[in-house]
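Asker: With the sequences and hints as input, model every part of the structure.
Chains A and B, in that order, give the protein sequences. For the first sequence, the working numbering gives the first residue as 5, with consecutive numbering after it. For the second sequence, the working numbering gives the first residue as 24, with consecutive numbering after it.
Please keep in mind that the hints were generated in silico from the structure rather than gathered at the bench. Where is the CB? At the ideal position from N, CA and C, for every residue including glycine.
Chain B stretches covered by chain A per the calculated footprint, using a threshold of three residues with CB under 8 Å from any CB of chain A: (1) 69 to 80; (2) 131 to 144.
Pairs of lysine to any residue residues, derived as SDA-like cross-links and limited to a Cα-Cα distance of at most 25 Å, are as follows: (3) LYS6/A / GLU185/B; (4) LYS476/A / GLY458/A; (5) LYS542/A / MET132/B; (6) LYS521/A / MET65/B; (7) LYS276/A / GLU251/A; (8) LYS166/B / ARG519/A; (9) LYS111/B / GLN337/A.
Listed below are several chain B residues computed to face chain A (Cβ distance under 10 Å; list not exhaustive): (10) SER43; (11) GLU61; (12) PRO85; (13) GLY165.
Residue-level listing of the chains:
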Amino acid sequence: MKKIISGNEAIALGFGDSGGVFASGYPGTPSTETLEEVARLGQVYCEWAPNEKVALESAIGGSIAGGRSLATMKHVGVNVAADALLTLTYTGVNAGLILMVADDPGMHSSQNEQDSRNYAKFAKIPMLDPADSQESYDMVRTGFEISEQFDTPVMLRTTTRISHAKGVVVPQEKIAPQVGQWVKNVPKYVMLPSFGKLRHVEVEARLLRLQEYAETTPLNRIEMRDPELGIITSGVAYQHVRESFPEASILKLGLAHPLPTRKIREFAASVKRLVVVEEMDAIFEEQVRAMGVAVEIGKNKLPLCGEINADILRTALGKEATATTVPVEGLPQRPPVFCPSCAHRGLFTILSKLKVFVSGDIGCYTLGALPPMNAMHAVIDMGASISAAHGMAKVNAIAGREEKPVAVIGDSTFFHSGMTGLMSMAYNGGNALVIIMDNRTTGMTGGQENPGTGETLQGVPVRQVEMVPLVKALGIDNVAELNTYDLKATEAAIKKGLETPGPYVLIDKNPCILRYKIRKLAMSVDQEKCTGCRACLKVACMALGLTASGEKQKVRVDPNVCNGCGVCKQMCKFDAMHELEGENYANL
Amino acid sequence: MQIFNIVIAGVGGQGVLMASKVLAESALASGMDVKQNEVHGMAQRGGSVISFVRIGDQVSSPVVMPGSADLLISFEPLEALRYSHYLKPGGRLLYNRVAINPSTVAAGMAVYPQDVEEQIAAACANAHGIDALAIARQAGNGKAVNMVMVGTVMKYLPMDEEIIRDVVRKIARGKGVEVNMKALAGGAEA
Ligand SMILES: Cc1ncc(C[n+]2csc(CCOP(=O)(O)OP(=O)(O)O)c2C)c(N)n1
Numbered sequence: 005m006k007k008i009i010s011g012n013e014a015i016a017l018g019f020g021d022s023g024g025v026f027a028s029g030y031p032g033t034p035s036t037e038t039l040e041e042v043a044r045l046g047q048v049y050c051e052w053a054p055n056e057k058v059a060l061e062s063a064i065g066g067s068i069a070g071g072r073s074l075a076t077m078k079h080v081g082v083n084v085a086a087d088a089l090l091t092l093t094y095t096g097v098n099a100g101l102i103l104m105v106a107d108d109p110g111m112h113s114s115q116n117e118q119d120s121r122n123y124a125k126f127a128k129i130p131m132l133d134p135a136d137s138q139e140s141y142d143m144v145r146t147g148f149e150i151s152e153q154f155d156t157p158v159m160l161r162t163t164t165r166i167s168h169a170k171g172v173v174v175p176q177e178k179i180a181p182q183v184g185q186w187v188k189n190v191p192k193y194v195m196l197p198s199f200g201k202l203r204h205v206e207v208e209a210r211l212l213r214l215q216e217y218a219e220t221t222p223l224n225r226i227e228m229r230d231p232e233l234g235i236i237t238s239g240v241a242y243q244h245v246r247e248s249f250p251e252a253s254i255l256k257l258g259l260a261h262p263l264p265t266r267k268i269r270e271f272a273a274s275v276k277r278l279v280v281v282e283e284m285d286a287i288f289e290e291q292v293r294a295m296g297v298a299v300e301i302g303k304n305k306l307p308l309c310g311e312i313n314a315d316i317l318r319t320a321l322g323k324e325a326t327a328t329t330v331p332v333e334g335l336p337q338r339p340p341v342f343c344p345s346c347a348h349r350g351l352f353t354i355l356s357k358l359k360v361f362v363s364g365d366i367g368c369y370t371l372g373a374l375p376p377m378n379a380m381h382a383v384i385d386m387g388a389s390i391s392a393a394h395g396m397a398k399v400n401a402i403a404g405r406e407e408k409p410v411a412v413i414g415d416s417t418f419f420h421s422g423m424t425g426l427m428s429m430a431y432n433g434g435n436a437l438v439i440i441m442d443n444r445t446t447g448m449t450g451g452q453e454n455p456g457t458g459e460t461l462q463g464v465p466v467r468q469v470e471m472v473p474l475v476k477a478l479g480i481d482n483v484a485e486l487n488t489y490d491l492k493a494t495e496a497a498i499k500k501g502l503e504t505p506g507p508y509v510l511i512d513k514n515p516c517i518l519r520y521k522i523r524k525l526a527m528s529v530d531q532e533k534c535t536g537c538r539a540c541l542k543v544a545c546m547a548l549g550l551t552a553s554g555e556k557q558k559v560r561v562d563p564n565v566c567n568g569c570g571v572c573k574q575m576c577k578f579d580a581m582h583e584l585e586g587e588n589y590a591n592l
Numbered sequence: 024m025q026i027f028n029i030v031i032a033g034v035g036g037q038g039v040l041m042a043s044k045v046l047a048e049s050a051l052a053s054g055m056d057v058k059q060n061e062v063h064g065m066a067q068r069g070g071s072v073i074s075f076v077r078i079g080d081q082v083s084s085p086v087v088m089p090g091s092a093d094l095l096i097s098f099e100p101l102e103a104l105r106y107s108h109y110l111k112p113g114g115r116l117l118y119n120r121v122a123i124n125p126s127t128v129a130a131g132m133a134v135y136p137q138d139v140e141e142q143i144a145a146a147c148a149n150a151h152g153i154d155a156l157a158i159a160r161q162a163g164n165g166k167a168v169n170m171v172m173v174g175t176v177m178k179y180l181p182m183d184e185e186i187i188r189d190v191v192r193k194i195a196r197g198k199g200v201e202v203n204m205k206a207l208a209g210g211a212e213a
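Answerer: This is the structure in structure tokens:
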């Protein structure tokens, strides 16, 4: 039956329909819904790992034990899993193994814009590059077949507009879960140098066989139309090409690595002008040029940064863009903010006031870097808050500076890769204040379960990892709890942590209001008492606003948005804020 | 059939995604090809959200380009104005008149344009605003703003209204069905 589903949902469905047995992943936009959908479909075992390395390694174990396995992650997750990946390519697989990676050109919600196709080249493994939901679905099955036929892990790569775009999918016939033998094979799976050397030879031979496969597989297809213009492309860029140049001939690459060199030459010879259209890096183009084939338009006209769209293509190829309209200028921006009543708000209100250096991390709390808080001063990658704060403190000490850095990190990020940094700080006699915002979920990506939630991806109740004993076990003596809804107490606790020499950890345990659906009564402002001093606006809550212009603008609360945390109330020196009487809950 | 381009805009938490799903499912149920796409990264409430639904015999790109939308549905007036350039000349705009402050305004760093509706009228000759929140509340739940907005645009869509109602019935299930059906009807009358 026809369905309209996203690329992520299609991969999940394809996994269940193609004999999938085991799936592990770590949340990360735009990959997250894949595993959530595997769980929702409820046919195959799946789990969240605490990070991408663990996810891939668990999938490797699944494959060695004979079950078709899947690991899912966003592009930067592959960096975390890369150590496993770059040796996994040597061992190969037992049952089929797919690493699904979602790239984010345009950086809709990522810290960088890396192109995962580089990893396929780096690891010398095949990479599938679907152009819509149907292909996302089909390529899971093909991916397992390639993986088993060539004894290789396969990367299935999407981009945001494939993962999140919905299109029509007609499912194939479902096949039974594929579980084979669990065999011992020391030279294949034990990568001692002596065995590894032999496997490397095999990797190179396998790549040659894959190149032959690339020449003949229907994954790579030539669509001959007008021979005037020939375009080599893949993924969502193919759709933009179809949209803007419906008459052009196309070599569509479903296999983004390795490339079919003979097919490329054949195609180049049959068209007059050759264009390569790919988002981000010039991976195809460089290889085509290295073959000595002339490319008229590639990255000389198309952007290396951001997404490609139909208009960018039209302009690059000398056609007129459709967009003749221009956006209205000067409108107030609407960036994402802490949700009304989020526990992060109180923390950043105080950090902003204390003007300390905050070494931040990746999660909802990263929004603390934005105005009016401006209270986060370095964010690199997951887990870096603590390790970077440690390095800062060491250099501060060498430079004779007194100031103690503050690291802010969430529970999911702490479990992911913050723990090792904290252990290092304890071990190496560090000196930073670490604040763990333990809201018992992976908030930023939509509230996924983690080892602290007390529940697995498939909804099984489990023991929660307790933060305080964990932190102590890592070698930290000074651990205290924090309640960021109480501004005075928060300020006092942070000051104490800053004044006490050595590593100091504060843990806020307030749960994510969105995940745990916490609803409180809305606030209101007594217009008689409000002086319009705007002190409350510093908490940056979208429920607050100024009354329409007049003599003196006062503050009002939007009861449709306010969720009654009372943080703004604590900023008011004039006792102007109160909870609304009666049933009045936010609509958000 | 020429491709029919719809843009849905709003504020994170208002249910833009659900409204998009209803339109996309209805198009599929009507036997048309459809692509739907929004970029949803962060879970937080309060950011600007935009979603595309493209309907036709065969749809390639999931993205609607500025200047090519037949219909813009906005759940908030400022967002209607922000994305009004997505409309093609003669395109139609339906928006909810209930404003939600962006954080920048809430923090006193920017001012919400008081003349937002005049600006909308200037940007689009075919614009119509309704109080979707009041209609949603009357239907029984302030959160049903998204279904009110779907109700408002039903008559302009290349799908049968009954098919849309069917899809909503299927998606909403249980108690939500009655509220959502009322919201659709309320929107259709507004
Ligand atoms: C290596 C890597 N994997 C995944 C992500 C996606 N991601 C962004 S923030 C985040 C976790 C946030 O959870 P937490 O630290 O608990 O903070 P919260 O958002 O709940 O405040 C994830 C998984 C990423 N940016 N980098």
